[in-house]
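Could you put the whole structure together from the sequences, leaning on the hints where they help?
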Amino acid sequence: MSLKGVLHRLMYHDRADVYRLRKVQAEDGSDDYAEEETPVYAALPCKLSQYGKELTTTKTERATSVSIDLRLCCDPVIDIRENDRVVVLRHGRRMEFFAGVSFPYPTHQEITLRRKGEVGNGRSD
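Using the numbering used here, you'd call the opening residue of the sequence shown number 126 and step up by one each time.
In case anyone wonders, no lab produced these hints; they're calculated from the structure.
Any given hint might turn out to be false.
[Claimed, not checked] Below are the SDA-like pairs computed for lysine to any residue, each with C-alpha atoms no more than 25 Å apart in a straight line:
(1) 148 / 218
(2) 172 / 137
(3) 184 / 130
(4) 172 / 240
(5) 172 / 191
(6) 172 / 135
(7) 172 / 130
(8) 172 / 203
(9) 172 / 218
(10) 148 / 137
(11) 129 / 169
(12) 184 / 135
[Stated by the list, open to error] Simulated restraints on C-beta separations:
(13) 210 / 174: 29 to 37 Å
(14) 155 / 188: 22 to 30 Å
(15) 192 / 129: 19 to 27 Å
(16) 147 / 217: 42 to 50 Å
Just so it is clear, CB atoms sit at the ideal spot from N, CA and C, and this is done for glycine as well.
Written out as structure tokens, the structure reads:
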């Protein structure tokens, strides 16, 4: 079995849905275009992992905003672009991110993911 096959079998236990903004023509057929989010991949085998664990918080009177960068590993043939919305299902938990830079290797690629949200009453939204 190839190293790529081993990675798929041993590491890629998470699943990701990837969405991308695309320009679509207005329904009335005019020259106007709008951006619409369209699915690119569904249930993509992947691995979500931590690195650096740099958690950034900003506190206001109303809420505390939290930002964290994580890493998504997947097959190098997958085309995930910067600013794609990535929804990862990991151990039954659904998490939403935005893609950053992809760094490809022959066996896999690593994509920086950023999650932003507000924390209040012990929950992250």
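* Asked: Of the hints stated earlier, which fail here?
  -> Checked against the structure, the hints that fail are numbers 1, 3, 10, 12, 13, 14, 15, 16, while the rest are satisfied.
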